[in-house]
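Colleague: These protein sequences, in sequence, are chains S and V. Positions 203 to 423 (our numbering) are the ones given, in order, by the first sequence. Positions 203 to 423 (our numbering) are the ones given, in order, by the second sequence.
These aren't lab readings, by the way, just hints derived from the structure by calculation. Each hint should be verified, as a subset may be incorrect.
[As the list claims (entries may be wrong)] Derived DSSO-like pairs: lysine-lysine, alpha-carbon spacing no greater than 30 Å straight-line:
1. V/Lys372 with V/Lys382
2. S/Lys390 with V/Lys372
3. V/Lys382 with S/Lys382
4. S/Lys390 with V/Lys390
5. V/Lys372 with V/Lys390
6. S/Lys390 with S/Lys372
7. S/Lys382 with S/Lys372
8. S/Lys382 with V/Lys372
9. V/Lys382 with S/Lys372
10. S/Lys372 with V/Lys390
[Stated by the list, open to error] Label pairs and their in silico Cβ distance ranges:
11. S/Asn394 with V/Pro357: 35 to 41 Å
12. S/Glu258 with V/Gln292: 48 to 54 Å
13. V/Ala248 with S/Gly348: 24 to 30 Å
14. V/Arg418 with S/Glu258: 41 to 47 Å
15. V/Gly387 with S/Glu225: 28 to 34 Å
16. V/Val388 with S/Asp413: 17 to 23 Å
17. V/Asp413 with S/Gln281: 48 to 54 Å
18. V/Ser246 with S/Gly387: 23 to 29 Å
19. V/Pro357 with S/Lys390: 19 to 25 Å
[As the list claims (entries may be wrong)] Far from chain S by the CB rule (all over 12 Å, computed), these chain V residues:
20. Glu238
21. Arg265
22. Ala275
23. Asp325
24. Gly411
Each residue gets a CB set at the ideal place from its N, CA and C atoms; glycine is no exception.
There are 2 protein chains.
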Amino acid sequence: MLGDVAVIGLGQFGTQLAVSLAESGVPVLAIDSRMERVESLRASVARVLCLDATDEEALSAARIGDVGVAVCAIGDDVQASILTVALLHQFGVSRVIARAVSELHARILRMVGASEVINPARDIALRLASRLLQPGLVDRVPIAPGYALNEIEAPAWTAGRTLLDLDVRKQFRLSILAVKRVEGGVEKVIANPGGDTAIAQSDILVTLGDDESIRRFLAGR
Amino acid sequence: MLGDVAVIGLGQFGTQLAVSLAESGVPVLAIDSRMERVESLRASVARVLCLDATDEEALSAARIGDVGVAVCAIGDDVQASILTVALLHQFGVSRVIARAVSELHARILRMVGASEVINPARDIALRLASRLLQPGLVDRVPIAPGYALNEIEAPAWTAGRTLLDLDVRKQFRLSILAVKRVEGGVEKVIANPGGDTAIAQSDILVTLGDDESIRRFLAGR
């Protein structure tokens, strides 16, 4: 489906990525310069290599150019991350996904050949910040500027009322995509809830709408 | 709105969180044991302290019990993270959000008093793994087991057809929540697209549905 994937840099992020892909049947090549990190993955992934990914000859000997996708997950050494991405590009890896730790780092990674750049710490920090800023917000996934998927605690004023009764789509320009509730200790999800769905006190609502609409809904207008 | 927030551990994640909250007007107390990290935030947040958060007396002198929310963002020292969370709980901080690096770490953090646990490296690694496993998938945000918000590249077979024509809701049990496209170099988002919206070749579709439905839609059935 996507050929071999090389994961370079086996910290928390790289290790989790390598294991998840391997569990789904992808042949993963895991690379790190620290032997103990490489060893800990030996049983989980197809191939492990202990080498310095900034060493051109070592990468060449590993035939890195043959992989379909390379993920540079190095997070603690910006210089090593940039050199590695440049080499991956030079060896002809067509899809190079690189982890950045700052905006400047991201720009440089793109300049030296990264086809995609991700910044896990920033993404999750921004989501947590949104959550802390808006009481009742459980999670927020931005979709477009000012427009997001929000998981919220059902506002107290909605308890016992049905979706038809609340008429959120018209009154608040919000869509309720799912209702999550715990029943008998088990989490239950009502996907695409109908108008006759009644909201219970401790429900979590998965909503879609603009930021102003969600604020109005949480406040009961 | 949420009172003071203490952010302890100023790596990438903690720093980004502290800055984002401060930019939104929250009085942030930023704490780290390394002076250079603390200094770099002095201009951005309300209060900085250089102290070892596993030191009970130091935390007490900082009157940590007065903050509304404490986020333990320590990522590289599991022992320090556990001790810090236990102390925050002991000092009566009512909402303690802690960063974990593994499932075991997460369990222990909850046992010693964390009200919420997050694992940024894992969350983003799982999202990237989903993306790599499913060609055409740009991003995936799980909402419930087997049910997710997916950003996908518009499949080639849909180009030029309208949403009404495609009838994705009935044919594929999918909702198209938004269409993102670049027009004249500017990203444009059509939120809640109507039936007359025609899909263009390089559109990104924000969809909601179960995993089987999304696979069928990407494959054109």
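Colleague: If a hint holds in the structure, say so; if it doesn't, say that too.
Modeller: Against the structure, the hints come out as follows:
1. V/Lys372 with V/Lys382: Between V/Lys372 and V/Lys382 the Cα gap is close to 22 Å, so the pair holds against 30 Å.
2. S/Lys390 with V/Lys372: holds, 24 Å
3. V/Lys382 with S/Lys382: holds, 28 Å
4. S/Lys390 with V/Lys390: violated, 35 Å
5. V/Lys372 with V/Lys390: holds, 27 Å
6. S/Lys390 with S/Lys372: The given pair, whose Cα atoms are some 27 Å apart, holds under the 30 Å limit.
7. S/Lys382 with S/Lys372: Cα-Cα ~22 Å, so holds.
8. S/Lys382 with V/Lys372: Holds, because 23 Å separates the two Cα atoms, which is no more than 30 Å.
9. V/Lys382 with S/Lys372: holds, 23 Å
10. S/Lys372 with V/Lys390: With Cα atoms ~24 Å apart, S/Lys372 and V/Lys390 stay inside 30 Å; holds.
11. S/Asn394 with V/Pro357: 35 to 41 Å: This hint is violated: roughly 22 Å between Cβ atoms.
12. S/Glu258 with V/Gln292: 48 to 54 Å: Given about 53 Å between the Cβ atoms, the range holds.
13. V/Ala248 with S/Gly348: 24 to 30 Å: Since the Cβ atoms of V/Ala248 and S/Gly348 sit about 27 Å apart, the hinted range of 24 to 30 Å holds.
14. V/Arg418 with S/Glu258: 41 to 47 Å: holds, 44 Å
15. V/Gly387 with S/Glu225: 28 to 34 Å: violated, 40 Å
16. V/Val388 with S/Asp413: 17 to 23 Å: holds, 21 Å
17. V/Asp413 with S/Gln281: 48 to 54 Å: Violated - the Cβ-Cβ distance for V/Asp413 and S/Gln281, about 40 Å, lies outside 48 to 54 Å.
18. V/Ser246 with S/Gly387: 23 to 29 Å: Given a distance of about 43 Å, which is not inside 23 to 29 Å, the answer is violated.
19. V/Pro357 with S/Lys390: 19 to 25 Å: violated, 32 Å
20. Glu238: Since the minimum Cβ distance to chain S is about 15 Å, V/Glu238 lies beyond 12 Å and the statement holds.
21. Arg265: holds, 20 Å
22. Ala275: violated, 8 Å
23. Asp325: Violated, since 6 Å does not exceed 12 Å.
24. Gly411: It is violated; V/Gly411 is separated from chain S by about 8 Å at its closest Cβ, not greater than 12 Å.
Checked against the numbered hints listed earlier, the structure breaks hints 4, 11, 15, 17, 18, 19, 22, 23 and 24; every other hint is satisfied.
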